[in-house]
Amino acid sequence: MVKKLLLTLAIFVIASLALVACGGSEFVCEDALGCVTYEKGDPIRIASALVISGPNTDLGTDSQYGVEIAIDFQQEIMGHPIELQAEDDGCSAEGGQTAGQKIVADPSIVAVVGTSCSGAGVPMSKVISEAGYTMISPSNTAPSLTDPALHEAGYLRTAHNDKVQGKAMADYAYNVLGVRSAAAIHDGDPYTEGLARVFADSFEALGGTIVEFTAVNKGDTDMLPVLNAVAAAGPPEFIYYPVFTAEGGFLTKQAKEVPALQNTILAAADGMISDAAIEAVGDAGEGMYFSGPDLSFSGDTYEKFIAKYEEKYGKKPISVFHAHAFDAANMIFACIEKVGVDDNGALHIGRQALRDCLFATKDFQGITGNLTCDQYGDCADPKISVSQLQNGAYVRLWP
Amino acid sequence: MRRRFQNVNFIDIVLWAMGLGILFLFIWGTIKGLQNPKYGPSDYANFVVLGIAQGSMYALIAIGYTLVYGVLFMINFAHGEFFMVGAMTSTVFIAIPLNETGFFDRQPLISLLLIMIVAMSTSMSIAVLTERIAYKPLRKAPRLVPLITAIGASFFWQYFFRGLFGSQVISFPEFAALKGSLSLFGLEILKSRLLVIIVTIVMLIGLQLFIMRTKTGKAIRAVAEDKDVAALMGIDVDRTITITFATGAAMAGVAAVLYTVVFRQVHYFMGFFPGLKAFTAAVLGGIGSIPGAAIGGLLLGIFESVGPSLFLEGLHIPAAHQLKDVIAFTMLVLVLIFRPQGIVGERLSEKKA
Amino acid sequence: MTKTTSQMLKEVIKLGLIAGLISLSLSVIGMVELFSKRELIAGIISLGQVFLFAPPIALGFMAAQKVAKEKKNLPLIFGAITGFFAAIPLIILIILESNFDLRQFLPNVSPALVDILTFSLDPIIGSLVLLVVTTVLGLAAAGMYLLPKHIQKPLANGIIYTLVIGLFSENLSERLRSFFGVGFVKILFDGKALNVVTAIILFILIVVLTVWWTRQGESVKARFTPKSAQEQKRNRRITLGAGVVFLLFLPLLLGTYLSEVTNNVLIYVLMGFGLNIVVGFAGLLDLGYVAFFAFGAYTMAILTSTSDLGVAGISFWLALPICVLVAVTAGVILGVPVLRMRGDYLAIVTLGFGEIIRILALSDLLKPYIGGAQGILQINKPIIFGIDLIKPDQFYYVVLTGVLIAAFVSWRLSESRLGRQWMALREDEDVAEAMGINLVATKLLAFGIGAGFSGLSGAIFASKLTSIFPHSFNLLVSINVLCLIIVGGMGSLPGVVVGALILVGLPELLREFAEYRMLMYGALLIVMMLSKPEGFWPSPVRKRELLAFKEQNDPTVVQEEG
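Chains as they are written, first to last, in the numbering used here: chain X, 34 to 432; chain W, 926 to 1278; chain H, 370 to 931.
For reference, chain X alone in the conformation it holds in the complex (with noise of 0.2 Å):
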């Protein structure tokens, strides 16, 4: 009976294996890095890599729907429609590196969004460009990614670079606001921390005074020794904290309750540019500055987006970079559409023809901006506007 089945077993193994060989196409495949081939009617896959587990989910989870929605408004590209394989990066080096290993391990996935975490894109995009795959990270922003001297050549992002972020609020700070004394407080992320810094170091290449730069932990919910410490080193006129909205909510709420800081300016980055963040900070952030990408967005794709989101999810978006993620996975899109070539229904995509089309991405109508990547990698809109929040919203006020 067994061994009765076991043959059965070979012989369709076999027979399958034969079926392989005849079904070859004529398409010949003269990609530096090789081919993904699709089968007629096959989906094209794209992963994510991003951080779905642990305490900083909510970045992560909300770049994947970010994805999600991107996929779904694309809908298909020359008759294949687009599957996501998405993957956990842990925000942690090792967890980057699995999930990069992982993907690498699909021959089948042609490019992805990813990672989250600065520290997981580190070792990842070591393991995606050595396989040949690409990958576009919507939220890393740690400038050593994009280094000259240390950028994998598989890696772009369409995150702003700390330096490029960091600068424009410490300019917008000294020039717009005329403010000559800031701190500065981080949470021990490497995003948070150099964003923190770079803002730190242009606003005293200003001619302003940093005189507090210090750091809170994350999960840390008692913000008020050290707003009384900030508070006793000057006050400052201005306190930039580029964090995230758990630990946000908590500084800017309990700001409001140091009497020393009622007049000072309040400032945060992107990590707390979200409909989550605005409720975190209640009535306390009114009239609160945050640096970020241009989200007044223009054009009414950012409003279908919007709407498409809350539809699917339920909520308003948790985070951020759901439209760095988003505009990501259109950038992948448009260059599959670009480079791939159609095999009588088959889809063939070079991958060192998608890597090349993304690089030189121009002009790229984003949600975020107008996209364009440099030779390292780095794709955002270089501009970055500065919005005050007035009556519950964002509003743009610079440029």
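No lab work stands behind these hints: they were computed from the structure.
Virtual Cβ for every residue (Gly too), placed ideally from N, Cα, C.
Worth double-checking, as some hints may not be accurate.
Said to hold, decoys possible - Capping the alpha-carbon separation at 16 Å, the derived lysine to aspartate or glutamate pairs in EDC-like fashion look like this:
#1 Lys561/H with Asp75/X
#2 Lys438/H with Glu380/H
#3 Lys1140/W with Glu1113/W
#4 Lys345/X with Asp484/H
#5 Lys555/H with Asp139/X
#6 Lys289/X with Glu270/X
#7 Lys561/H with Glu116/X
#8 Lys196/X with Asp375/X
#9 Lys435/H with Glu380/H
#10 Lys348/X with Asp470/H
#11 Lys561/H with Asp139/X
#12 Lys406/H with Asp139/X
#13 Lys341/X with Asp105/X
#14 Lys73/X with Glu109/X
#15 Lys750/H with Glu163/X
Unchecked claim - For each label pair, taking beta carbons as the anchor points, the in silico distance ranges come out as:
#16 Leu497/H with Glu116/X: 53 to 61 Å
#17 Trp780/H with Glu163/X: 49 to 57 Å
#18 Glu336/X with Gly965/W: 50 to 58 Å
#19 Asp797/H with Asp1163/W: 28 to 36 Å
#20 Ala186/X with Asp1030/W: 54 to 62 Å
#21 Val1127/W with Pro909/H: 49 to 57 Å
#22 Arg606/H with Phe935/W: 28 to 36 Å
#23 Gly74/X with Lys379/H: 50 to 58 Å
#24 Glu116/X with Gln376/H: 48 to 56 Å
#25 Gly74/X with Asp1030/W: 58 to 66 Å
#26 Lys1143/W with Glu796/H: 31 to 39 Å
#27 Leu617/H with Phe60/X: 52 to 60 Å
#28 Pro1022/W with Asp180/X: 49 to 57 Å
What the hints assert, rightly or not - One-sided and incomplete, this derived list gives chain W residues near chain X with beta-carbon spacing under 10 Å:
#29 Tyr964
#30 Gly965
#31 Asn971
#32 Ala978
#33 Tyr1084
#34 Arg1087
#35 Pro1098
#36 Ser1106
#37 Arg1118
#38 Arg1189
#39 Met1195
#40 Ser1230
Fit chains W and H to the supplied structure of chain X, relying on the hints for placement.
Relative to chain X, chains W and H alone:
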């Protein structure tokens, strides 16, 4: 024998040297800190008040650890989650709807009471459920086994409630009555912090009366002393253990309400760090003792709040507030070097420890 | 008589409601909806459906089991009742959701979920259908219970294993594709799911195998049971040889991704061996074990990195012994303050040490030396015979070597004089001291050696990632290592490996559970400890002790375990 004696002596000396070294750093930092013109006496007084408020919450949570440890000698690692479930459930189901209907502003006291009832009962039911499923069958197992199920329960509840209410930060409405501060003894004290301190004192006294005066309290103490003898005396040990868990969780529920009122936002991960701190506080004060939990919690809160500005900035350490947990844990080590049983803990018999 | 029936009825209704509440919980937290798109067998059954319907089936089975003891003729009816009541909580949810907007409280109670629960029908009709479906499932489960054992077991195995293979089909198909090509995979699988035909073949195969094993298993086992000491020795040698060959060629079988997973598992195994010495042998509960892992990793990073933070720029092999030495020293130094502390005091203080080390690594204070939040980049990978060990299937051999060395050292230590001293220490510190054991030296050696393994593991970890960040050294690592040695069986070396496979390997393979991974992990920990408090592969000594303990204390515990 002599060899051993020498060894012990040597280790004692090393321990004392370590302890004194840390102490010296503390004192040196304090002296330097006090010379720092940045902070005046009112700043320090302010730090202390904030520390007491934060410490009160630690104390309330720490009671859960201490009570359970008293009767079962187990670290209930999931206790921080009991705090979280109370906070989240009462916020989502009571506070936010009440705020939307406007009832919250009209009747703040009734609202607060409602929130408190829901938070306490949720915390208690989750605690009892956890005890029943994850701890009770393991009464006789080796001691590390319930620790692992407790860790498992902690993860489980965190992610269960994440699935339930979502991963985002949820805001808790602000009580208009608690805005601003009061002038007391020449100090400006935030009303919300004052509420925390008063409620905690009331709860602690109530709990002490409950444990010392009521029959159930007596039963808890008896079970803590010796389960077998307690059973012989006609005490339902299982029921008493369940009550112990429920009592601890009720205190965590109160802490949860205070937390939400003061900090005004909840999140599924919010129980983890306060839980850890409260556990530290319980050990610091002497695990198994209720006054110990209170003292440990307060000390921890005060040191965390005052420490960074006082000793660390005195030592010219950058971003001092980042290191407040280092202060907390260093203090724990320091105290345990000199008093291995905690500040007010009685010397446990060797077998218990 | 009627009273017992009504009592039983009450109990069965309770079981049904529990089943319903479990299904309800899984629905409300979003698992049913999310995994309804993840098919196990294409077009037949999705993972979401398994979550939804497994509780009524399992508890229907239990109900039948409970009733059958007393009354032979009722199980079927009671199974159906269980199923019936399992639908009640779900129907309440459907009614509530269609009348109120529950979504503002519970974001996962979406129209899509209701759609799944009502089979895309009108709420009322859908509810009725749901009721019928769960009732039938409860009935079927009870029927399953009534089947004779020799039919029941193969059937159950067939269903369960087919579904499990469906669950792992993603990795399976990836492997098969690399060996046999895309075409072959397309025949067997439909996307991520098993094909219906494949599923049927698998099911039959498993049923047949189970039947064969229950009939012939004994004789097969007997054939391989050694009869003489010589044969036993020979068998052991064969097993060992086969094991070595297997380990050497494993990466070829696994491919890059699974090799990566294996490497992660092995890194934890290495740490597990170390903590096993501290906790398992010497009985010192250490919750801050990650500190030494961090010491190893940071030492490796500083010594070999080519970035500005690297000081020496030496090779991996040269740095490795230094890393271990640093970790051992750290272990001894951090061991001194806790020499006098016992049990849970020790636990919280070591936990504190772990946190202190992590926060210091993160802090601005040490940023100029170890990079603070931005970590250390550009760490060297090991090079051997001019080959850069970049890919996971190459790097595997580095980790494997470390693990084998650690295993050998652990094994020799456990049999040594020192090992016995540790065990004496674990049993009773005072008696051990009275017997003339030098507590200080014994404890510090345990801390030191344990830390050394962890440091080795950390050094390999740093070089594997080529970049390290303080966030990799959080409390969860310590907790994970502790859990894996206890789940595996405290004090047992094979137990560490089994524990790591279950608690590190399995979650890696089930990455698609994403946000629910930790929930499953938590549930898994509880279930495993409840069913096997002594661990999966306890050391013989420990097993004996536990058994004796149980018999002495509480006969019911043994029964429950049985």
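Do the hints match the structure? See the list:
1. Lys561/H with Asp75/X: Status holds; Cα separation ~13 Å.
2. Lys438/H with Glu380/H: With Cα atoms ~14 Å apart, Lys438/H and Glu380/H stay inside 16 Å; holds.
3. Lys1140/W with Glu1113/W: With a Cα-Cα distance of about 42 Å, the restraint between Lys1140/W and Glu1113/W is violated, given a limit of 16 Å.
4. Lys345/X with Asp484/H: The given pair, whose Cα atoms are some 14 Å apart, holds under the 16 Å limit.
5. Lys555/H with Asp139/X: Holds, at about 14 Å.
6. Lys289/X with Glu270/X: holds, 14 Å
7. Lys561/H with Glu116/X: holds, 12 Å
8. Lys196/X with Asp375/X: Answer violated: Lys196/X to Asp375/X is near 41 Å, above 16 Å.
9. Lys435/H with Glu380/H: holds, 9 Å
10. Lys348/X with Asp470/H: holds, 13 Å
11. Lys561/H with Asp139/X: holds, 12 Å
12. Lys406/H with Asp139/X: Answer violated: Lys406/H to Asp139/X is near 20 Å, above 16 Å.
13. Lys341/X with Asp105/X: holds, 9 Å
14. Lys73/X with Glu109/X: holds, 12 Å
15. Lys750/H with Glu163/X: Satisfied, since the Cα-Cα distance of roughly 15 Å is no more than 16 Å.
16. Leu497/H with Glu116/X: 53 to 61 Å: violated, 35 Å
17. Trp780/H with Glu163/X: 49 to 57 Å: violated, 38 Å
18. Glu336/X with Gly965/W: 50 to 58 Å: Because 52 Å falls inside the window, the suggested range holds.
19. Asp797/H with Asp1163/W: 28 to 36 Å: About 29 Å separates the Cβ atoms of Asp797/H and Asp1163/W, which means 28 to 36 Å holds.
20. Ala186/X with Asp1030/W: 54 to 62 Å: Taking Cβ atoms as reference, Ala186/X and Asp1030/W lie about 59 Å apart, which means the hint holds.
21. Val1127/W with Pro909/H: 49 to 57 Å: Between Val1127/W and Pro909/H, where Cβ atoms are some 55 Å apart, the hint holds.
22. Arg606/H with Phe935/W: 28 to 36 Å: With a Cβ separation near 49 Å, Arg606/H and Phe935/W fall outside 28 to 36 Å, so the hint is violated.
23. Gly74/X with Lys379/H: 50 to 58 Å: holds, 55 Å
24. Glu116/X with Gln376/H: 48 to 56 Å: Once the Cβ atoms are compared, 53 Å apart, the range 48 to 56 Å for Gln376/H and Glu116/X holds.
25. Gly74/X with Asp1030/W: 58 to 66 Å: Holds: the Cβ-Cβ distance is about 59 Å, inside 58 to 66 Å.
26. Lys1143/W with Glu796/H: 31 to 39 Å: holds, 35 Å
27. Leu617/H with Phe60/X: 52 to 60 Å: violated, 39 Å
28. Pro1022/W with Asp180/X: 49 to 57 Å: holds, 50 Å
29. Tyr964: With Cβ-Cβ at 5 Å, under 10 Å, it holds.
30. Gly965: Where the cut-off is 10 Å and the nearest Cβ of chain X is about 8 Å from Gly965/W, the hint holds.
31. Asn971: This interface hint holds because 6 Å falls under the 10 Å limit.
32. Ala978: Hint on Ala978/W: holds, closest Cβ of chain X at ~8 Å, below 10 Å.
33. Tyr1084: holds, 8 Å
34. Arg1087: holds, 8 Å
35. Pro1098: This hint holds: Pro1098/W lies near chain X, its Cβ roughly 8 Å from the closest one there, short of 10 Å.
36. Ser1106: holds, 8 Å
37. Arg1118: holds, 9 Å
38. Arg1189: Arg1189/W check passes; min Cβ-Cβ to chain X is 6 Å, inside 10 Å.
39. Met1195: With a closest approach of 8 Å, the Met1195/W hint holds.
40. Ser1230: holds, 5 Å
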